[in-house]
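Enquirer: Listed below, chain by chain, are the residues.
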Amino acid sequence: MKPMRRVLEVLGCAAAMLIVASAVRAHHSVAAGFDLDTSVTVTGIIKEMEFINPHARMFFEVEGANGETQSWTAWFTSANNLMRRGWRANDLPVGAEITVSGYPARDGSYELYGGETKLSDGRTLFGGNAPGER
Amino acid sequence: MDDRYTSPTMTTAALAVLAIAGLLATRPAAGQGAGLGRYEDSVCQDNHHAVFHACALEATLSGRPARTLDGRPDFRGYWRRRTWAFEDLEAHPVTPDDFGGPSAIVDPPDGVLPMQPWAVEKSRENNETYLHHNAACILAGPAGTMYMTSRFQFLQDNENLVMVGEQLTAHPYRIIPLDGRPHIGDIPMWNGDPRGRWDGNTLVIESPNHNAKYLLDQRGRFITEEARIVERMTLVDENTIHYSATFDDPNVYTRPFTIAFAFRRDTDENPEIWEEACFETNEDPMRLFRNNGYRVYPGITAMEARALKAEWERSQR
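From first to last, the protein sequence lines stand for chains B and C.
Counted from 1, the first sequence has number 996 at position 103 by our numbering; the numbering is strictly sequential.
Counted from 1, the second sequence has number 205 at position 187 by our numbering; the numbering is strictly sequential.
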């Protein structure tokens, strides 16, 4: 297995991983669970990709700052939307490296609502909500 | 004035809003559809609901819609709704949480919901306390389904119009009997008890016995189970449906209000409605929502609404 690597960038927030719940404006399902004022980018190794509805999800392992293994979940838009965009199961095999950018969970768990998703072959797919699909 | 509505707060018509909106609105080119998919051009621009509504009312007067074998306007095909009203019925900006858009409210003409003051407060409380029903994969109500769901296939014969939807509200379907049969009655249903009738080239749908346990938008706006909802659907041209819904609920509003928007024929290659089993992963997102203190909106009965209104009025003395 390739070594796990973790890259964490928090944009617009000084302290990485100090995920502070933003002011309540959670009228959407995404905003109710994820902090839309903060972005996070995480790189890890795919354990499983589930093409399911209403939100597809990917389980992946990330190496933490102290070398520990963190089990992350990336949530995406629906499997139907991903399929119509051209996502395919073969693009996301178990064991492949993946980099996902998105909004972190408001409760501090290792979860994010994924937007741009960079595959190990350099392609970038979009996993968030797009106006044409909602 | 309808004397069932007792609140004195009545907004006046703001015709200038329509005029300015008409100047600002631009007609989307064929195939662009303002980011909402692929569409053919329409005789009415549809990126401002009030402008579209005014244009559609004119256009349908002289229109000759395609017809089914029994001579009724033919709504069959694949359609996409053209509004973000589920975020906010009123005009709202683009944010990380919203796609934004103009007000879906065409009456009153100022595009502002005629809510009673206590109900404005209740909406704020709803927004801070409750999840919008789509987060819990719950149906959106008869009219809400039409602006919540993105993709539709309409099937039609002389007895029924069947609307099969995909996306955002529990894989919804609506079956609208067109043959004059009576309502089922008595059973409160999420999407009501619909019956359709023809008013010339317009299909008029009434759906009593809805349970009103859904929010009207993601700003916490609501109705009670006593609300009368009248939907109207008319073909503007081959690829455009003019849809409107009038909500009449004196428990919550100072007067009836009407929303309107377009459905455009989906011209993607080989359009198809797919299963979207909204329950597959929803227990996990619900855990996140509960961890953040949110609950599923329980609805409000007409009796509860009247009690809240009376309590609010006492507090204002």
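If you are wondering where the hints come from, they were derived from the structure by calculation, not from laboratory data.
Just so you know, not all the hints are guaranteed correct.
Computed, partial: chain B to chain C, Cβ under 7 Å [said to hold, decoys possible]:
id, residue
1, Gly926
2, Ile945
3, Ser971
4, Asn973
5, Asp1000
Listing some non-contacts, in silico: residues in chain C with all C-beta distances to chain B over 10 Å [what the hints assert, rightly or not]:
id, residue
6, Thr86
7, Asp175
8, Glu184
9, Ile193
10, Gly218
11, Glu244
12, Val248
13, Arg273
14, Pro274
15, Thr276
Reference listing, derived: stretches of chain C covered by chain B, where coverage requires no fewer than 3 residues with Cβ under 8 Å from a Cβ of chain B [claimed, not checked]:
id, region
16, 127–134
17, 297–303
Beta carbons are placed, not taken as given, at the ideal position from N, Cα and C, and that holds for glycine.
Enquirer: All hints are to be evaluated individually against the structure, with a verdict given for each.
Expert: Okay, the hints, checked on the actual structure:
Hint status for Gly926 (chain B): holds, given a least beta-carbon distance of 4 Å to chain C, under 7 Å. Annotation: Ile945 (chain B) was flagged as interfacial toward chain C, and the flag holds, the nearest CB pair being 4 Å apart, inside 7 Å. Hint on Ser971 (chain B) holds. Least Cβ distance to chain C is approximately 6 Å, under the 7 Å limit. Interface hint at Asn973 (chain B): satisfied, since its Cβ lies 5 Å from the closest Cβ of chain C, which is below the 7 Å cut-off.
The closest approach between the C-beta of Asp1000 (chain B) and any C-beta of chain C is roughly 4 Å, which is under the 7 Å cut-off, so the hint is satisfied. The Cβ of Thr86 (chain C) sits about 29 Å from the closest Cβ of chain B, beyond the 10 Å cut-off, so the non-interface label holds. Residue placement check: Asp175 (chain C) keeps its beta carbon more than 10 Å from all beta carbons of chain B (closest about 27 Å). Distance check for Glu184 (chain C) against chain B: the nearest CB is about 7 Å away, which does not clear 10 Å, and the non-interface claim fails.
Once the 10 Å rule is applied to beta carbons, Ile193 (chain C) is consistent with being away from chain B; the minimum gap is 22 Å. No Cβ of chain B comes within 10 Å of the Cβ of Gly218 (chain C); the nearest lies about 33 Å off, and the non-interface call holds. Once the 10 Å rule is applied to beta carbons, Glu244 (chain C) is consistent with being away from chain B; the minimum gap is 25 Å. The claim that Val248 (chain C) lies off the interface holds: its Cβ sits roughly 26 Å from the closest Cβ of chain B, which is beyond the 10 Å cut-off.
The beta carbon of Arg273 (chain C) sits about 25 Å from the closest Cβ of chain B, which is more than 10 Å, so the claim that it is off the interface holds. For Pro274 (chain C), the condition that its CB be more than 10 Å from all CB atoms of chain B holds, with the nearest at approximately 25 Å. Under the 10 Å C-beta cut-off, the non-interface status given to Thr276 (chain C) relative to chain B holds; the minimum distance is some 23 Å. Counting residues of the region 127–134 of chain C whose beta-carbon sits less than 8 Å from any beta-carbon of chain B gives 0, not enough to reach three: the coverage restraint is violated.
For a cut-off of 8 Å, the count of residues in the region 297–303 of chain C with a CB near a CB of chain B stands at 5, and the three-residue condition holds.
Against the hints set out earlier in the document, violations occur for numbers 8 and 16.
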